[in-house]
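Peer 1: Take a look at the letters that make up each chain.
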Amino acid sequence: MSEIVKVEHLKKYFPVQKSFLEQLFARKMSYVKAVDDITFSVKRGEIFTLAGESGCGKTTTGRLIIRLLEPTVGEIYFNGADITKLKGEKLRLLRRKMQIIFQDPYASLNPRMKIVDAVGHPLEIHDLAKGKEKKEIVLEVLEKVGLTPPEQFTNLHPHQLSGGQRQRVALARSIIFNPEFIVADEPVSMIDVSLRTALIDLMLNLRKDLGLTYLFITHDLAVAKYISDRIAIMYLGKIVEMSNKESLFLNPMHPYTQALLSAIPIPNPERKRKRIELTGEVPSAINIPQGCRFHSRCPYKRDECSKKEPRITEVEKEHFVACHFIKS
Amino acid sequence: MSKVKIKQSILARLIPRLTSLTKKGPSGWMAILGIIILSALVIMTVIAPWIRPHDPIKTGVGPIRAPPSSQFPMGTNHLGQDMLSRILCGGSIMLQISTLSVLVCFLIGVPLGLFSSYVGGIFDRACSLVIDAIYAFPGLVIAIAIAAMLGPGVVNMALSIAVVYIPSYFRIVRSQVLSIKELTYVEAARASGAKWHTIVFRYIFPNVIPSIVVVATINFADAVLTAAGLTFIGLGVTKDVPDWGWDLTDGRALLSSGTWWVITFPGIMIILLALGFTLIEEGLSELLNPKLQR
Amino acid sequence: YTTTVVGNLSTLTSDVSTLTGNVLNLTSTIGDFTTITLEAIVSLEARLAAMEAALAKVTLAKKTLVVGTTDSVEKTLDPAQAYDYFGWCILQQIAGTLVSVKPGSETGADFVPELAVSWNYSEDLDVWDFNLRQGVTFWDGTEFNATHVKYSFDRAIALIPSIPEGAPAGLGYDVIINRTEVLDTYKVRFQLNFPFSPFLGILACRASAIVNPNYAPIEEVEYTAGDPRASTPVAFVGPYFLSEWKRVAGRDIEIKLDANPFYWNATGEYPKTEHVIFRFYSDPSTLRLAVEAGDVDIAFRHISPTDVLDLEGKPNVKVWWGTGAFIQYLCFQTKRAPFNDRRVRVAVAAALDRSTVCETVFLGLSDPLYSIIPPGMLGHTEAFKKLGDANYTLTRSLLADAGYNETNKLKFDLWYESSGHYPMSAEQCLVYKEALEASGVIDVTLKSADWASYKKNRDDEIMDAYIYGWYPDYVDPDDYAFLYWASWIHTNYYNATQVALYDQARATTNTTLREELYAQIDDIAVEQCSVVPLYVSSAWAVTRPDVYGIYLDITQDMRYWLIYIGK
Amino acid sequence: MGLRSYIITRILLTIPTLLLLLSMVFLVMRVLPGDPVALHFEKKATPEQMETMRRLLGLDKPLWTQYIDYLWGLVDFGYFLEHGYPNLGKSMQTYEEVGGQIFSAFPATLELAIYSMIIASVIGILLGVVSSKSYNSILDHLIRGFGTVTYAIPIFLLGMIFQLIFGVYLRWLPTGLRLNPAVDPPASITGLYTIDSLLEGNLFKFFESLKALLLPSLTLGIILSGMFIRMARTNMLETLRLDFVTAAKARGLKESTVTYGYALRNAFLPILTMMGLQFAILLGGAILTETTFSWPGLGRYIVDRINFRDYTAIQGAVVMFGLFVTLVSLVVDILYAYFDPRIRL
Amino acid sequence: MPLLKIGSLTVDYRTSRGTIRAVEDVSFSLEKGETLGLVGESGSGKSTLGLSVIRLVPYPGVIVKGHVKIDGKDIVRLPEHELRFIRGRKVAYIFQDPMTSLNPIKKISAHFAELIRTHEPNVKEAKALERAKTVLKDLGIRPERINDYPHQFSGGMRQRIMIGLATALNPDLVIADEPTTALDVIVQAKILDLLESLRNAYGMALILISHDLSIILERCDRVIILYAGHMFEHASSTELHRNPRHPYTQGLLQSIPNIELADQKLAAIPGSPPNMLNLPRGCRFWPRCSYVMKICRTKEPPLIDIGHNHFVRCFKYSRGRAKS
Ligand SMILES: Nc1ncnc2c1ncn2[C@@H]1O[C@H](COP(=O)(O)OP(=O)(O)OP(=O)(O)O)[C@@H](O)[C@H]1O
Ligand SMILES: Nc1ncnc2c1ncn2[C@@H]1O[C@H](COP(=O)(O)OP(=O)(O)OP(=O)(O)O)[C@@H](O)[C@H]1O
Ligand SMILES: [Mg+2]
Ligand SMILES: [Mg+2]
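Residue numbers (our numbering), protein chains in the order written: chain A, 1 to 328; chain B, 1001 to 1294; chain C, 2001 to 2567; chain D, 3001 to 3345; chain E, 4001 to 4324.
Isolated chain A, as found in the complex (with noise of 0.2 Å):
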């Protein structure tokens, strides 16, 4: 499988909005390092989750991938050409092969655009569609979001839909273009529990058809066991463990992601679990502890730990770890 995205030493920083006063004198500007140095790559036909707990960067790093953000530092490589720095038309022309879904369906479509048009728009921006010959594309296209009949949906208004068949809606706008790579930000987390199912299948239905990659992205690990091929675990904006999910899930090695794992309810009443306990509160992203970043919580940490910052290495094959004391 070759790597249809890669993203180098990706880091953007947040400069902290500060007053004028402060601005005046503060000594050194200070930042929110939303995404502080991530290296990893997904290959093509894949599902590659980013999950992690709220604001550890996942999302900043999947509007950097896809060209919403400029990145402070670092490449972001698309079918091996390096796209970090592409501007106007040919940024315009990547879009049509980069898509993102959102999660949250109330706000990702447009209130005042009907159905056809918060779809089929994307066609008319690229000039390539316009009245009838859009409106059979995007009658095609939401019969494949399983909007069907699609024509009772086309004349209708974001509001007149329900979460579930906006989130389809967002989702046909996305593969219109008939994308190679689809950003999928928490597509299910506001969804009923009821719905979620549905939607997850489609989208790996569409995987199949379409021949999509996706970049999930998530926080509800049991989600991202599910439905994913390769998982990255986030934490304040680093990576700190990344594998395939068979391996992550039966040998989490670092020890967030074993309090993650541990702390996740399973339906079964009958079933108790040791809990792993994890001391002190989160860091916010502006003060990120000196050394490793999650020692101020992990429960085995040393000396060592809040002084030297760990690299990510390959402790397993195709497992990577950013720990002191987990070596190959």
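A portion of the hints provided could be inaccurate.
[As the list claims (entries may be wrong)] Pairs of lysine-lysine, BS3-like flavour, derived with a Cα cap of 30 Å:
1. B/1181 to A/97
2. B/1023 to D/3133
3. A/97 to A/87
4. E/4069 to D/3133
5. A/114 to B/1181
6. A/132 to B/1024
7. D/3254 to E/4299
8. B/1024 to A/114
9. B/1024 to D/3133
10. B/1024 to A/87
[Claimed, not checked] Selected chain C positions facing chain B (Cβ under 10 Å, derived; list incomplete):
11. 2288
12. 2307
13. 2359
14. 2427
15. 2430
16. 2433
17. 2446
18. 2450
19. 2452
20. 2492
21. 2550
The hints are simulated quantities; they were obtained by calculation from the structure and are not laboratory data.
Note that the structure is predicted; figures quoted are calculated from it, not measured.
All C-beta atoms, glycine included, are put in the ideal place defined by N, C-alpha and C.
With the hints as your guide, set chains B, C, D and E with the ligands onto chain A.
Peer 2: Chains B, C, D and E with the ligands in isolation, oriented as in the chain A frame:
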């Protein structure tokens, strides 16, 4: 499309919107009441030339300061002009001034707000600074100063009122754009490669319209009141057109001598006109308030 | 107005309760003014203060005139600088002149001694001698004598360059007076540059008030209203002195006059009322409400015609009528078409309908004016009657000559002032417009501008036709007749014959001859119609019913020292 | 960021706004038509006289010198200390110091504004709270109706009606002016008659000034209250729906504690901001109110002076209004920061 | 006498668009120390039901039918002023969003002081604060932080404070409405542990509301499945886990991923939840139900007791006897 067709299609779009207002509770009814009042006033003004009993500016069509009677249902004023005819025809000036001022505000304030907020940076800062500075002045003071500067007349009055209101449009548009700009669907549009003008006009602007409508209605109401105020301090239109503002000002001078009808009727009309707009505004702003919706 | 008693008197100590009792008595007698709640008066001092205030009210109600007005002193009360109606009005109460017009005079030409007891003039009217009153003292004890007269006039003339728009400049002192000589302690002589018959009129006006050199220096004129040297209460010798003058933001908010104990005519029991207080209202309607509500004893200047007629029937007020000297006239821009054509001007003048304006707009409180000199005054004629009112036959024939007819109407802009500087301008012009258009050959567009722009338009000469007004500095035809060609009206009209006649009239005291000369001026004016007289307004004042002593004569002067509230 | 540095920042930030405001006023004044010098002469003037006048008024200097003089006058602290008011130039009509005129007129407007603001906020907040508490009931509709109608009434019309009712027919209150002229105004300490008379300990004067104040401030207050009711009501409604209000109720706190201690206190912050913004409108309304009630304040001053094209005076007054509004919004922002702990980061 | 007894409770929202019957005919009871889970999708009426217990259904909601008895007292008919003694003292409520459930302009100390002093007016301010500090310490928050404002705490800490406020007066019943939805899993687990430990320590009953069946199954003794305002199934969690009876419950259980299962196959429930303004006739689940029968489309199924304290609202089990 022929004119008739266009009209039909506009009606076809409007009517369901209006009827849908009735389903939205008291706020919807308030807006509808406002719309009814306004439509009545507009219709009255439009057909006034055919239904008025007398020439509204001809003096001495009746005795001076005659109280309401069957011949002069609203009495006559101090020049013996027929108040009923003046009331019927007098809305025109108010409507012209307010419409024109809203138009001007809209045409300047909205694009400026859209542009400034979307472009951001220094330009935005500069614009906001200027607008904020204007905003710090009491509106009427600016209106008076500019009206005095431009001289009387419908257009000039409208312009002077417009200057006062441009900041409101600018600010509402700007703040709305700034928040809408961050919304996911705008991001989605960017992700599909939309250019900035497409984003502004297809994705942002339509969603700002409701807020603009709210500002516009209150602008209308204020324009009416400000126009009356300008006339009151002598910066109104000339006397040879019927104008409620003038009648109100005249009526005020006459009221103390027991001539209640010269102030009462234009007073009611101006209040009604302004009320029509404030009712719509009151209704809409509640209906459109996202924080009050569930 | 109620007196509220809260609390129990018996719980108070005896003397306090008597005091309170007094206060209560007082408050009920003068209940009109005060509301005192016992509860509110917490301490003895406060009670005393309240009582004092209440007592003050009792005296005030008898010895005080409260005057309501919409006027305000424009800048100063220095006679050398003041040039506005109300400034002069106040000056008249506080400053003395050599002569004055007899109250109630019909022509305004009946001069009576004031600080001068007698006078005579040379045959050719250029030397005027005055014998001064003896035993008059200024407030500071200075004895009034001829040097003061000389000083006052010298000062007025000396100040002219530094007060560009000052009163004497407006009146032309520097042109008229050659020099002032002290002939004796109580005798003074004016040497004029040319024969000038209306000289007494000038001396009677407020610009000629005598000042006290100690308080009115020539050098360093401060323009500030409150400057004691320019407007000190003690600079003059009038029936009153200015005991308080407070201005806020260039507008009077408080003027109080108190009787001048050193007034030379104090023995004649003048002034009749000890104190005069002015209240300043922003517009006629509020003033009317105030006089009706009894807030003021006298409402003078700017109660609207409607209001005054309405008030006339009311029992709680009295309306006083008098001759007016305020006139308005129509000016034509003779520089360019259409009004560079004499026929067109005459045609428009003939189409005017003065009586409708006087009847509808002014409700009969003004009279059509057919000469620039108002009735009652020497030289008044009915010259413009020749053209008639709404005389459309004349209009049409003249306009036909000039090339205008029903299809090619005479079109022009008629301007009026919109900020209330002149009364009812908009209404007037509306009626004029109607009358003019009724001719069928004229098409008038009304235009308005606020006073500032109006004056600018006047100077820029952009108005085709515009109405203007005038009230006199001194009551003499001399102060009216020149309006036909006055350069500052900017009609661009000049007629040497008229000017010659005017100068001739100045140089004679022969009334018949003067009358003749003014009539000739009017005749030319009718022919030329550069300026067309429109109306002269009456004067009126509204007072409470028991006010006496008001003379509303042609001088437009309100002589407050003659006014009193009687039984 | 601490409150102190917030305040400093906020103050520093007003400087560019102020500068802009001042420059705009200056520029606008220069383009007003009407030559103030020509306007000065009622009847006639020679070119030499006009020139003298021009020199006198400082209009012969180049524009930028005038601009610098104007700005300098505003910040000339020595002048301020000496005279008690800033140097705003001399009136083109009366030659008086504009600064002095404005400072003498301003307290009247301030007093009117303060009382109207109090009336408007009391009516507004009271009715707004009642309305929001009885959401969608008849009472709510009535109050909303009241607010909407009052907003639509021209100020001078309402003023006139009040004058007729309370002044002429009932004779309870004076129809105009700041104080019965038969009463000596209290010694000027703050310039606000009601406060000065209290400071003087003279209740009689206090009631007199209060009587005079009542109608104008009621007029303006009622007109403004419409907007205040709306603000209070909407904000209360919004706040009453917030979780912490429900949470407080769920904790069994007293109804009044929840309404006032929770909902109103939180709703008050946005209301406060809007009140600050309303101040400009209030001052605008003060112009008409002052004219109606012969109130010797800054609003009437402006209208007066505009008729004379008295540049320096209008300029000064407008600047004063602008400064005042800016100051109010500064204070409001600081109060906001003070009351809202979230701002103190 | 059970601690809480709800009988045929029906709650309507009378909106301008129409009446939404958010909770319909719900009956259950709860003993001291028991933990009950309320599960349902968004809009199924969980919060409405929870809030009905303290009679705080938001405007325009009205309890139109039924009773809610706490210690035998029907709070539906209680005058407003007496409710105050129930709320906070007997029944405490924890809201979903910790970020918005605390008054942003009041210090934490004020929150506690107000609560304690409202219900125990004799307690002095200082005493109340002392107690508050102990509570905070129990929750794992440094007592000094009592003088901080809510915004100075993280979401998890705020939720702990909310729990502290809820338990400070030792209520008999705590209702936690999605207390962890806004939080990360690790924090979520901590909060739930905390609730559990408090319950064990003080023996209070707990109603846990969540849309996440996993949590409920993991933490609760009994479960109620709500669907569009109807109670679909009511059983102990073990029973429900072993023998889910209602097709909806079955579908639900099959659509939750479980990380402990290898190669789990999830099954989807077709269709989407009904529009509350326009409910289908008959059983409100039938359009999505794979076992739909004719009767389902016309008649509303009754709640059927199928033994073992297991109730189901489905015609499939109508051979059993209907619960009155
Ligand atoms: N535009 C921005 N400006 C400043 N900070 C930002 C911006 N976008 C994100 N951040 C910060 O960057 C960090 C990472 O945010 P991101 O949205 O990528 O996290 P996430 O993992 O997607 O979290 P969640 O699960 O809550 O969606 C957060 O601390 C966030 O506050
Ligand atoms: N204030 C309200 N006005 C009108 N309808 C409401 C209101 N609150 C809730 N509803 C309606 O009542 C029904 C039940 O709402 P409720 O909030 O109890 O559901 P929930 O199960 O708590 O949902 P969620 O999981 O989203 O919190 C929903 O259909 C909702 O639309
Ligand atoms: Mg995210
Ligand atoms: Mg809920």
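Peer 1: Against each hint, give a clear statement of whether it holds in the structure.
Peer 2: How the hints compare with the structure:
Pair hint residue 1181 of chain B plus residue 97 of chain A holds up; C-alpha atoms about 24 Å apart against a cutoff of 30 Å. Distance check on the hinted pair: residue 1023 of chain B and residue 3133 of chain D sit about 23 Å apart at the alpha-carbon level, within 30 Å; holds. With a CA separation close to 15 Å, the supplied pair residue 97 of chain A and residue 87 of chain A stays within the 30 Å bound. The straight-line distance between the Cα atoms of residue 4069 of chain E and residue 3133 of chain D is roughly 28 Å, inside the 30 Å bound, and the hint therefore holds.
Between residue 114 of chain A and residue 1181 of chain B the alpha-carbon distance is near 20 Å, which keeps this suggested pair within the 30 Å criterion. Taking the CA atoms of residue 132 of chain A and residue 1024 of chain B, the gap is near 36 Å; set against the 30 Å cutoff, the hint is violated. With a C-alpha separation of about 45 Å, the suggested pairing of residue 3254 of chain D with residue 4299 of chain E is violated against the 30 Å cut-off. Annotation: proposed proximity of residue 1024 of chain B to residue 114 of chain A holds, straight-line Cα distance about 22 Å (limit 30 Å).
For the hint pairing residue 1024 of chain B with residue 3133 of chain D, the CA-to-CA distance comes to about 20 Å; that is within 30 Å, so the pair holds. For the proposed pair residue 1024 of chain B and residue 87 of chain A, the alpha carbon gap of about 47 Å is over 30 Å, so the pair is violated. At about 5 Å, the closest approach between the beta carbon of residue 2288 of chain C and any beta carbon in chain B falls short of 10 Å, and the interface hint on this residue holds. Hint status for residue 2307 of chain C: holds, given a least beta-carbon distance of 5 Å to chain B, under 10 Å.
Below 10 Å, beta-carbon pairs count as interface contacts, and residue 2359 of chain C has one with chain B at about 9 Å; its hint therefore holds. The interface hint given for residue 2427 of chain C holds, since its Cβ lies 6 Å from the closest Cβ of chain B, which is under the 10 Å cut-off. Satisfaction of the interface hint for residue 2430 of chain C is found here, the shortest Cβ-Cβ separation to chain B being roughly 5 Å, below the 10 Å cut-off. Interface hint status for residue 2433 of chain C: upheld, as the beta-carbon distance to the closest one in chain B is roughly 6 Å, under 10 Å.
The criterion of a C-beta within 10 Å of any C-beta in chain B is met by residue 2446 of chain C, whose closest approach is roughly 4 Å, and the hint holds. A cut of 10 Å between beta carbons decides the hint on residue 2450 of chain C: the least distance to chain B is about 6 Å, and the hint holds. A cut of 10 Å between beta carbons decides the hint on residue 2452 of chain C: the least distance to chain B is about 7 Å, and the hint holds. A cut of 10 Å between beta carbons decides the hint on residue 2492 of chain C: the least distance to chain B is about 23 Å, and the hint is violated.
For residue 2550 of chain C, the interface hint is violated, since its Cβ never comes within 10 Å of a Cβ in chain B; the closest pair sits about 22 Å apart.
Violated hints, listed in ascending order, are 6, 7, 10, 20 and 21; each of the other numbered hints is respected by the structure.
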